[in-house]
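**Student:** Could you use the hints to bring the two separately framed chains together as a complex?
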Amino acid sequence: MRKVWAVIRREFVERVRRKGFWFSAILGPVFFAAVFFLPALFASSGGTKRIVVVDDAAAAFGERVTTALNAGPALRASRAVAGDGVLDSLMREVGAKRLDGVLILPDDIVTTGRAEYRSSNVSSLRDIQTLESTLSGLVTAARLERAGVDPGLLTRARQGITLATTKISGSQATGESSAQSFSLAYFMAVILYMAILMYGVNVKSSVLEEKTSRIVEVLVSSIHPFPLLLGKVLGVGAVSLFQFLIWGVAAKGLLGMRAALGGHARGFDSPIELFQVPHVSAPTFAVFLAYFIGGFFLYSAMFAAVGAMSSSEQEAQQAQQPIVYVLVVAFLSMFALLNDPGSALAVTLSLIPFTSPIAMPVRWAAGDLPATELWASLALLAIAIVVVTWVAARIYRVGILMTGKRPNLRELVRWVRAA
Amino acid sequence: MTTTAVRLDRITKRFADHLAVDDLSLAVPPGVIYGLLGPNGAGKTTTIRMMLNIILPDSGAVQVFGGNGTARDHSERIGYLPEERGLYRRMRVLDVLVFLAEMKGVDRGKARARALAWLDRLGIGEWRARRVDDLSKGMQQKVQFIATLLHDPSLVILDEPFAGLDPVNAQILKDVVLELRNGGVTVLLSTHVMEQAEKLCDMLCIIAHGRKLVDGPLAEIKRGHGGQHLTIGFDGHGGAAAVQLFADKRLVRKVDDYGQYAEVELVPDADPQDLLRALVQAGVRLSRFELVEPSLHKIFIDLVGRDPGHREPGEEGVGRA
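Chains as they are written, first to last, in the working numbering: chain L, 21 to 439; chain W, 2 to 322.
Honestly, the hints are just simulated from the structure, not real lab data. Incorrect hints may have been included.
Below, computed lysine-lysine pairings styled on DSS-like, alpha-carbon distance capped at 30 Å [what the hints assert, rightly or not]:
hint	chain 1	residue 1	chain 2	residue 2
1	W	138	L	39
2	L	23	W	138
3	W	213	W	200
4	W	111	W	223
5	L	23	W	111
6	W	255	W	223
7	W	175	W	223
8	W	255	W	213
9	W	138	W	200
With the rest of the complex left out, here is chain W (with noise of 0.2 Å):
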């Protein structure tokens, strides 16, 4: 397939007081998991509503699927986890699974089917007569995530997945996303956490304040981020002695400290050996000295210019008209 799954060519969206997406063009080829990253507040959310025709850009163009139809002429074909999650409380399990694939066209003896089996694949199967709100708030996820599959999309939208999901659910998760794109499903993720994205994706766009700051698969944002890169160990006590070592501004361009361990970036022409032979001489016992590629956590904070844990209160999501 050469068209694109999802394009956005040159989106602009303007609420009230700010900006919240900013001439911001990427494509999503098809059968890749594609992470759109950024801290609270960059415009994901909102990028991802235009994407579905949820709302309209200012101006630009959405593409779905290569052709002229909107993502809610193509609905039947696209799966949606929306960010902040919630379901008919008072509706039983297995009526809102169909009643939400009747919205995707789905009829009504197929979706009960699926929705089934679904329910017993995530292990909630025994739950399927209960009320929404009887359910612990990791089964209702469950749910919704059900709930975005049950149509077997094509093309399928989760925003922030992993949130709020304990290790145990957000590895089941995991590893159905990464078999539906095994089985040539289009997955566009959207998350802040950068361990998760660096794992599962194999594409990404990072944006902030709305726009983009780099986007493509994500081995070549890697080499393209550019720099050497220094992953120490230390062994014990020592890490004193090589903080001072950190601060030599003709070797060491940036460093990471996490106590028993640093990501270092060198200054462009420095030698590593430099570096090793101070922190020996220095005494710092090493269980670790390795030449690696940059962290996606790394890259995001060099390209955000913070940590991608800070908030911004009251951005995310359509804002304030």
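Chain L with its partners taken away, still in its complex shape (with noise of 0.2 Å):
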């Protein structure tokens, strides 16, 4: 219908003219550059550090720890030993900023296993963990040693495993890390509901200011209210898809350039290995977009009725608060479904529609589910949209032509059941 055709061309070019589009446009990119350059950026941005590593003369473990540490990038150590005013002169030097630390290893570490780093900055964590794992690795040789195990047979014993983690879906690998599956389901979570929030709250001002200018009046006249409201929805659902593409298409450059960079990044356990690059496959991206478009169906439904019940922005404000609860549930769930994608809160929360567009793209990244579940969940989905748009549409076509006061819930009880 071309009616229903300029509906959509009306708001999905007004919207993009905007400025406060391109601002989210730009702005979605700077966030996800954010998330994935800041923790290298930090990991590596400390460069190294000088340190001198203080203990007994007579033993031999501080020269090891030095020459190990040495070999490591990220810290110059040199070796001092104890005596009378060296800890006190090694201190002023900290104190001074012409050290970063000092690391104190007392004659039973072997032992007793307890050392210490006194530094201006204890909080780095790259650099405690070094050392650490340095340490350990050191103690726990000398302890081998001292048991009478050969050091030969040691380096052998200590040959670490690597564990590749490959997600299973569907019987076939899908080239996603268990790493990867995380940041995917997290993301997808994200901009699921900050998408669905955004664009349905889009879709509420929408209403509301034809409902406020009284142009629905005239529209009305020329177009019945369904229609009308499905070219709003259809419009406004245009705009969010074209914000994807931007932000798609800035993110693969980012990614892009995210590998080049990374290099800097390698061989620390810093929070960058929890944030790999996913690899999106073709059905993660189908689940993705169908629960993306199943949910802001869903959602700009309830939206626009809320909008059409009010009379202002403040009053819209209030009343869409239980709907955007609903909505930050679904999203804080998240946390619970990626540490458990298979338990009954998750099957449940992924079933239930109002929850289930950010629960099941979630469930779907972070781990394999039965295809029963998945079109359950997509099934109740639809079914949910048909009700609730339905119940929405004929609210929205009663309330854009009040004024007055918001209506109770029997007012729109009665609003629903009119003729």
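**Tutor:** Here it is, written out as structure tokens:
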């Protein structure tokens, strides 16, 4: 229908023309960039730290520690023998920032496993981790040696293992590692939550604008309320997909840049390992898109009803609270879902249509799930969309022409039942 | 043409706690300016909304262009200016007009050309690329008026078109309305400003409390109102003496004193000469003593029983559910 098309085009063109659209179009990738780049930048920003290892002259252990630390890229260690005033003068050096830290190794470190690190900055996780792993490796080796174990055997015994994690989906390896699955699920949840909320609210304000300006009277004398609402939702939905397209292109570019930058961050157990570049398979993309579109329709219908029953932005803010809460619950449940994607809670949340648009894609990304559950969830979502849209459209039809105070629940029921 | 442009057949609309429109019937023939008059809260806007199929009557039938379809089915032929004005504030003037014309089934190119022509004609052509909220209120009203006419409707429904217009813009609008009528367009307008209606309307219907009080051609309504009506003008002072004479219930039935002149309705079989003689004897200097038709204003007040400017709050519009 040509009129619906005109409504869609107006919503799309007017929104895309606004500064706000480009603001979030640009801010989105900046946000991604922050999440992807910052850990890498923070992790590699410290540069090389200069530290002094202080131990008893008699023990050879300090020498070993110093050598081992210097083998790594992050620290430059030198050795000092403990004595009167040595520690005090080193502390003054640290205080004057000529030295980054002092590692104190007591004589009995091998037995007690206790050491001390004094630094102006003890919150540098990377440095602490490096120190800890180096010390524990060497202490373990020293203990075994004392117990008469051959150092050669020790080296062979310490040969590490590498655990490669690959997600299996429908008995096929997907090429997604567990870290990738986590970051994928996380990002899908964040984007779904933000997009459904943002564009749902857009539908609401569009309805409200037409209502408060009374243009809606002219519109509904020319077009039925339902196609009007449909055009509005489709138009705003098209804006959101356009926004995704921009984000997608930007993210691809950024990820390419990150791969080039990634070299700096190798070798540390930094958070960046958790946020690996997810490999987005076609089915994953399809699930994401299906639930975004479903969730968007479901929530925009409700937001449209909110807009129609309110007569000011403030009223609408209040009226939309219950809807926003449901969405927030769906979003927060993500963390529980990621811990155990197969739990009863997870299954329930991914079947309930009001939470499934976020819960199901998260479960999908986090681990394999039965196809029947996916289809059941989609079917329930589809039914919910039909029912909720029907109710919302009826509230919309009556509400857009109403003035005066916001209706209570009983009046709403009457609106829905009105012929 | 013999079919009516709009026919209402015993329509009734009840909102939660009051009857907005009560068993109202009227017929608007094509090619006339038809006035729907009534005090605030009489049910004018509700009636118009039912005509336009924006809301449905609880009972009764609405017929447009003599056919079966609703006004929405004929929306390409109907222009509607709602009582409460409003446009998309953040859209550009030309875009709003093109969009609203599209809603009436006009294609974009044609809508654009017509919108530009109308904007120029009403003297706001240079504002076409500006945002609606950059425009003054008067200019916004013009834009909305243009939106009502862009699709060349054959029925134009204007709800309180003169409300809030300055005299210059009211004049422009009046000229356009007359031009439309002369071009064969049916114009239905609601108003509570009797002077406007009296000058403009060929036919009218007066309603109050949702009920029809009278309808028909203006001249007929005036004739049918009956009684002898006088307009008496005073020359200088003397109004005080006249007021005493007007209190004479044997001669005067009703008086509407404006200070400089008075509209007087005589008791049915009284002789105007008696009143003239009495006035002259009382030494009132007259500038005018004229037997006239009752003004629409007078008819309206007689029928409605109170001043049309009297507001009854919260009744106009759809009301509360």
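**Student:** Can you list which hints this structure breaks, lowest number first?
**Tutor:** 4
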